[in-house]
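Peer 1: The chain contents come next:
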Amino acid sequence: MIPHERSLVERLKDKPFALIGVNSDADKDYYRAEAKEMGVTWRSFWNGPRGTSGPISSKWGVTGWPTIYVLDHKGVIRFIGPRGAKMDAAVDQLLAEMEDGGE
Amino acid sequence: MKRLLLLAAALLPTVLPAQGGRSAQAAVEELTAELNRQKAVYRAARKVVTDSEAYREARKARDNRRIRELLAGVERPDNQGLARKAMELAQQYEGDDRVRLLGWAAVNCGGDKGIVGEVVDVLERDHIDSPALDVLLEKAMVLARPLGQQRARTFLEKVVDESPHKLPKAWALYWQSVLLRRGRGRGAGGGDPAAAAKLLAEAEKLAQGHWLADKIAGPRFKKEHLQIGMEAPNIVGEDLDGVPFELKDYRGKVVVLDFWGFW
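These protein sequences, in sequence, are chains B and A. In terms of my numbering, the first sequence has 67 at position 63, counting the first letter as 1, and numbering is strictly consecutive. In terms of my numbering, the second sequence has 606 at position 208, counting the first letter as 1, and numbering is strictly consecutive.
If we strip away everything but chain A, and leave its shape as in the complex, we get:
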C-alpha cells in the first residue's frame, strides 16, 4: 500500500494543479483561510435569515420545523470537500508534511466518519512514528465521535506504545486519562480516577515546555493562584491589533477580567 501511495504521489502532480514547490505549511494555511472564508459567508447568510421577520416569528412560536426550514437554504461551509482536497494534496508530500495535511483533513472535515476513519488508518499504518501526529492528537476528542470510542482507544494506545516522540505520546496519554475519567458512572468499566491521574502526570512530564503541560497544570494553577483573596497573576500578551500590554498595567483600577469570544 505504501508503494501504491508513492505511485499515486508520482502521478498526481500531472492531474492536480501544480503546487510550485509550495510548502505543506503554506498549503495548510491556504486551506484554513479558505475554510474561514466559507465560514464567514455562511455566518453572513445565516444572519440574514435570523434577522428576518419570518425567523423571529418562528422563534417566538417555538416552531422548530419552520426554523429548520428557514435555515435549510443557507449554504454551509464545505468541510468535507476541503478535507478531501487536503487528502489529495497530502499525496504530493511525504513524511511529516503528509501527516500535517492528513491531520488537517481529519480535524476539519466536520466529523465525517469516512474521512476520519481513512486518515486514522493511514496514519496508524504508515506514520505512527511521525512527530507531526500532535496536530491531529491535539483534537483527538473531535475525532472520538466519528471514530467511535473503541477505535479511538486503540489508536491512542498505539501512539503511546509506538511513538518515539514526546508530544504525540503526551497527547495520547492526556486523552486516555480524559476517557478514563469520563468512563465514571457509565455502567460497566466505570471511571478510574487514580489511573487517570497517573496518565495525566506522565503526560505532563512529557509535555514540559509545551502548552499541553500548562493545560494539564490548569486546575492546579487555579487552586493555587486563582482563588478569592489571592493576587491575580499577571498576564503578558497583546491585543487583537498586536499591541503588547499587561494585566498589571491596570493596577489602581477595578478590573473585570472576562474570558470570552464570539465564535
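In isolation and in its complexed conformation, chain B is listed as follows:
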C-alpha cells in the first residue's frame, strides 16, 4: 500500500493533487521510524494518542483501515475506498475534469 501511494505522489508531484493521511499510530516515535524507512513523504493528521480510537476516526465513523475518500478540487467526496490502480484512475479522472473546467 505505501509503495503504491509513494509512487502516486511522486507521479503527480507537479499536479494540483495531495495525498493527506489521517495517521492512527499512537506511538509517534514508531511512526517517525517507519515513515523514514518506508519513504513516506506526504502529510498526515495525527489521530492522537488513542490510536485507532482517536478523535478524527471516531467522528468519521471509521471502523476499518485503510479507509479512503477521494475528493475533487471543490472538496466534494467523489470516490470511497479505491485502492491501487482504481485509486490512480479516480485521481486521474478528477484531475482531467479539473483541467476541462479551465480552473
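Hints listed in this document are in silico derivations from the structure and should not be mistaken for laboratory results. A portion of the hints provided could be inaccurate.
[Unchecked claim] What the simulated footprint calls covered on chain B by chain A, stretch by stretch (three residues with Cβ under 8 angstroms from a Cβ of chain A suffice, anywhere in the stretch; the number is not a length):
1) 10-24
2) 30-37
3) 42-52
4) 71-79
5) 91-104
None of these values were measured; they are calculated from a predicted model. The beta-carbon is built from N, C-alpha and C at its ideal position, and this holds for glycine as well.
Got chain B; can you put chain A on it based on the hints?
Peer 2: The following block gives chain A in isolation, referenced to the frame of chain B:
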C-alpha cells in the same frame, strides 16, 4: 480485604523503590513508555528475522513450522511483567489513582486471564463507584476474551447499575449494546438490534461532550455527511510534528484522504 490492601499499601513503600511522591499519572506514563520501548525492541528484532533469507524461503515454501521456529527466538515485550508491576504500584495509591494503575494492568497485560480476572474482581468489589473506571471500560472488548463473556456481562451490568458517574456507565452501556448486536445469529439468545439501539442511545446521551459520543454517532455521521456527492466535512488538526493544518487548506486540489497507520 480492603483493610488488608491498606495494610499492604502501608508496608509496600519499604519493599519497593520509593516513588518520591510521583503522581499516578506519571507512573502510568512511565509504564507506557517502557512498554513502547520494549515493543520497539521487539519490532526491530523481528524485522531482522523477517528480512533474513531463511525466513523468506520459509514464507515462499509456506512452511509455517519453520516460520514459527524462526520467530520463536525473538523476545516479546513483557506485557505480563509490566502489568504485575502496575498492580504492585497500584498499592501505593488510593482511590481513582489506584484504579488507573489497575486499569492499565488489565488493558496492557496481553490478555492474561489471571491478571484481568484479579483486576476486575478488585475493581468490582472496591471501586465500582470510581469515575476512573472509564480507563478500563474504554477497552472492555480487549478484556471480554480473557474474562469470558459471562463474567464480562456481569461486570458491565454492575457498572450500569451502580456507577454514579456518567462516563463509566456510558461505556458499559455501549459495550452491552455491542454484545447484544454480536449475539445475533449465534444460536440461543440471538441478537436483539432494537434493545441494542436503545442502550446505544442511552450511552450517547450520557457521553455528551466526550469522544465516546462521537464514536456512537459515527455511523450516523457517515450516512449524513460522508456519501458520494457530499462536500467533505473539514478536519482541523495537526500533523505528526505538531503543526496545525486543515483539510480545507487543500481546496483547489484533488485529494486522496487516507485513514491509515503502520501499527
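Peer 1: Please go over all the hints and tell whether each is borne out by the structure.
Peer 2: Tested hints:
1. 10-24: holds (count 7)
2. 30-37: Holds, because 7 residues of the segment 30-37 of chain B bring their Cβ atoms closer than 8 angstroms to Cβ atoms of chain A.
3. 42-52: holds (count 6)
4. 71-79: holds (count 9)
5. 91-104: holds (count 5)
Checked against the numbered hints above, the structure breaks none of them.
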